[in-house]
Structure formats: structure tokens, C-alpha cells
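A.B. asks: Each chain, letter by letter, is given below.
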Amino acid sequence: MKKTNILWAIVVIFAIILAFSPITILFLLSLNDSPALPLKNFPTTKWYEALFQFPGAMESIVNSLMVAGVTTLVAVVLGICGGYALVRTRFVGKSFFTGLLLMPMVVPYIIMGISLLSFLLRLGMEPSLITIIIGHILLAIPYATLVLTSRFIGFNISLEEAAMDLGADRLTTFRKITLPLIMPGIITAAILSFIISWEDVAMAVLLAGSQQTAPVFMFSLVTKLPKFVPILTAMSTIMFAFAIVLAILMRKAERFSIS
Amino acid sequence: MNPREKEASQSPKTKKIELRGILLVVPTYLWLIVTFLIPVISVLMLSFAELHPVTKNIVSFPTMNNYLTLFTNLDYVVVLLRTLLLTVAVTISSVGLAYAVAYFITFKIMKNKYTILLAFQAPYIASYMMVLLAWRLLLGRSGVINSLLMSMGLTSGPIELLGYNAFSVWLVLTATWFPWLILPIFVSLEKIDRSLLEASQDLGASPLTTFLKVTFPLSLPGVFVAILFVFIPTIGEFVAPAVVGGTTGLMFGNLIYDFFLKGFRWDIGSAFAVCLLCIVILAVLVLFRKIGFEKLMESL
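From first to last, the protein sequence lines are chains A and B. Going by numbering that gives the first Met the number 0, the letters in the first sequence line up with residues 0 to 258, in that order. Going by numbering that gives the first Met the number 0, the letters in the second sequence line up with residues 0 to 299, in that order.
There could be a bad hint or two in this list.
Taking lysine-lysine and the DSS-like style, the derived pairs with C-alpha atoms no more than 25 Å apart in a straight line are [as the list claims (entries may be wrong)]:
| no. | chain 1 | residue 1 | chain 2 | residue 2 |
| --- | --- | --- | --- | --- |
| 1 | A | 45 | A | 226 |
| 2 | B | 107 | A | 2 |
| 3 | A | 251 | B | 190 |
| 4 | A | 2 | B | 110 |
| 5 | B | 107 | B | 190 |
| 6 | B | 261 | A | 2 |
Sample of chain B residues lacking proximity to chain A, with all beta carbon distances greater than 10 Å (derived) [to be verified]:
| no. | residue |
| --- | --- |
| 7 | 23 |
| 8 | 109 |
| 9 | 269 |
In case anyone wonders, no lab produced these hints; they're calculated from the structure. From the three backbone atoms N, C-alpha and C, an ideal C-beta is built for every residue, glycine too.
Go ahead and model the full structure; you've got the sequences and the hints to work with.
C.D. replies: Printed below as a string of C-alpha cells:
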């Protein structure tokens, strides 16, 4: 019995180290004089200062915000329409639609990315933030729709009927009854869509032109200009902090809309 | 209300609802068809064509030359085999590690299970790129781990295995994927009726037998979901090999990337992409058959 406990401790500690140490060390190194141990001149903010002056770095973070924002908006609206239609209505080719909706989830990004890229180039589009947004919406639609579908399934339809019986028109019913009731689903779908876009490298690398999102900026710097890597430690720490704040805020909004 | 009346009062409504349903799914339908279905089908067509390298006009169609290029060049075959090997290795190690952690959380921890589950997802809130960057600094011949080992006097020179190579790609992909796989396995472990485990033990089975004959078979749906979760992104991976793979850790996805974005040979790249897609479809079909589509969706 003692032996198995020791074995468990080793496995779990190994898992914890594997999962948490890289991020922790990255954070420490972002405050260090050089991106290597031992710590020297610790803590220093010199990489953070360098980051703000590095051409394209802050711009790419702004681009990422824009891309994720538009992606979230479109994916959530399409998700509401799709979820409503799947649960409440009967239409021809429903199972084909469901199959098509789930397909992007099981196809590797590289295949979707190069297919979309060659198709858009053939149509005469130049790679830009817009092509990245088009790709990210494709990635986010299945998740947003599935989340909202499950929200519509748990929805008591008689509440809507009661509103209509009491004289509310369809739009008022949607605004006053349906929307508040599916709000937790909308927020979850929005968080998911935002994170999918915010942290995607693969799709964005394939579809990016001269304007880059933050992960694409990091990828091209790591692979092409390795000596600027320390700046990226500062950049990714800032992005991590931003993502955590965002996650906490959205979690709060979710709780608020449920109560 | 008799059945006929009911039918009569419902039929016009049903018709109207159908139209509304179609109108609501049209935007999503169009998006999926235009940005997913048509592009993937056109890549499938492209893989049987020969394109003019500059103008991208079709020179000849149909032709098998693109596939021949793949299978007659030993370099490409080696990369394909390495990719398959790496994918299987990453799948086994990450699912195995995730299973151990999920089992520990389910059976050995009594309270705050969900907090611990959530904590394991936390590092990945930031971005995949950040984790890769961290590993880029940790690994490498003069990376953090090697320089630490050398300064402590444990090794005289850098450990080559911890440089940028295929082993590093395996290590990094395992480390980044296993936390995501804990949740589906935990869900199916948590669902198991504990009285079954007690019954097995009461009837004299050893803990190992109980695990092999009862616990593990009952947790298989979660394991299959986990396999699906890690297998598909790993086989198409090209970002991690580019960051920590060096020259010997490159994967099939890097070849496709190069053909499309550097070599501008869309036709050959398409053939490579179709091969990859066939492998994925095969794996998904096998997994779906093993477990059944309904059950898979349930545990998602």
C-alpha cells in the first residue's frame, strides 16, 4: 500500500511539473537579464521596455484583439441562429447540416488552412486580417453552435408561448424572454470563440499577410529572428495576464446572467 | 381534440416553421460550404492536377504525378513515417499520463476535485504559442535545462536529446496535450457506479484485476474521446516542429506548409494534404466504430 502511494506521488508530481513549470520559468525569465538561468540582475523590466519599442509587437496585439472581437461577434450570431434552428425547427437536410457542422472539428488545421488559402487566393483576395477572420469564424462556428444548441434544449418553450399569448410580438418575445434565458449560453460561446481566435497560431500563420496577429508575430520571430526571443517572453506574459483578466470577467458575467 | 383535428391545426404551423429554420441556418450553411467544403473539395481536385508553377493554370488533369512524387521520394516517405510514429507516441503518452492523473483525481481525492481539474487547464488559457516559446527556451543545446545540468556538474557537455529534435517534439506535444485530456477521462471515470467496483473486490478480485476487468473497460468512452482530441491536431501539427523540432523533428505538416507557402507547388501540396486527410478519416472511422457515434457525442 505504501509503495503504490509513492508511485502515485511520483506520477502526479511529474504531471504537475510538466504542465506548470514551462509557464512559470517563462515568467521568471521575462524579468531576467538574459533568457537563461541563473537569474542575473533580477527583476528587471528591460524586456518589457524593449517590447514597447519593437516594431510591430504592440500592433500585433491590437490586431489580435480586433480579429478575436469580430470572430466572436459573427460566430455567436451564427451560433444563435443555428442553435435555434436545430432545436426548434424542422428543416430539410438537418442531419447533413449537423454532419457538416461537426466536420471542421475533426479536420486538422493545416488542411483547412491551406484549402481556404488557395481558395481565397484564387478568388483574388490578398492575405490580410480579413482572411484570418474568415478562417477563425470557420473554427469557432461549430463550438458556438453546439454550446447554444444545448442551451436551447434546456429552454422551457412555454415561457415564449406565454409572452406571445399575452400579446407580445415575435421581436419583443425574443428580446425580453428568449435572449435573457439563453444569455449564459451566449457568454460561454463568446468566451470559447474569443479564446479559439486569440490563441490560434496554425490557421493564422497560414492565412496571414503583412498584418499579423500576436501569435503569428511570435511564430515568425521565433523561427526567423531567434535573437529577439527574450522580447517575446515579456509579450507572452502580458498576453497571459490579459487572457486571465478576460476569463475572470467573463466568468463573472456568466454568473451574473444566471442569477 | 381528435387526431385529425390536431393534425389539421398543426400542419400549417409546421410548414411555416420549416421555412424559418431554413432561413436561420442559411448563413451558417453558406459559411461552412464556401470556406470549408468547396475549398477542401478543390484541394482534392487539385491533387490530381498539374499546375503551372507561376500562373497556377491547370496544365494537365487528371494525373497521378503528385502522389508519385510523394511515394517515390524517400525523404518524403521518411517524414510521413516519422509523423505517424510521433503521432502514435504522443497519443499513447499523453492519454496515458492524463489517465493516471484523472484516475488519481477521481479515486484518491475526496474534495475540491473540480478545482484541481480547473487548475490543470489554467496554464493553457494564455496561448499555445506561449507554451511553445517556454519549451523553446527550456530545450536546446544551450537551453535552460542543459545549462542548468552543466552548471550543476551533472553532465560535462549538453545532452543532445534535449536539443531541438524529434524527441523534443514528442516531449512538448505530450506536455501541452495531456492536461486537455484529463477532463473527458475524468468524466467517464466519475460516471462509473462505485458499487460495481466494490462487488468486484468482494468477489475476491485483486485491485489490478478490478481495474483491468471493470474500471478500464467502463472508462473506454472517455479514453476514445481523449485519443480523438490529441490525434487529430498532432498528425497535422507544423507549428511545434518548426519551433522545437530543429531539422530532424520536422513533420508532414511542415512539408505541406512549405509546398503552399514557400515552394508554391499547390498541386503537390494538395496531394500531401489529401494523404493526411485520408489517414485522419480512417482513424476517426475506426474510433467511431469502436465506440458508436451517439456515445461519443454524449461524453463530449
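A.B. asks: Next step is simple, just say for each hint if it's right about the structure.
C.D. replies: For each hint, the structure was consulted:
no., hint, in the structure
1, A:45 - A:226, "holds, 15 Å"
2, B:107 - A:2, "holds, 15 Å"
3, A:251 - B:190, "violated, 29 Å"
4, A:2 - B:110, "holds, 23 Å"
5, B:107 - B:190, "holds, 15 Å"
6, B:261 - A:2, "violated, 55 Å"
7, 23, "violated, 4 Å"
8, 109, "holds, 15 Å"
9, 269, "violated, 8 Å"
Violated hints, in rising order: 3, 6, 7, 9; the structure is consistent with all others.
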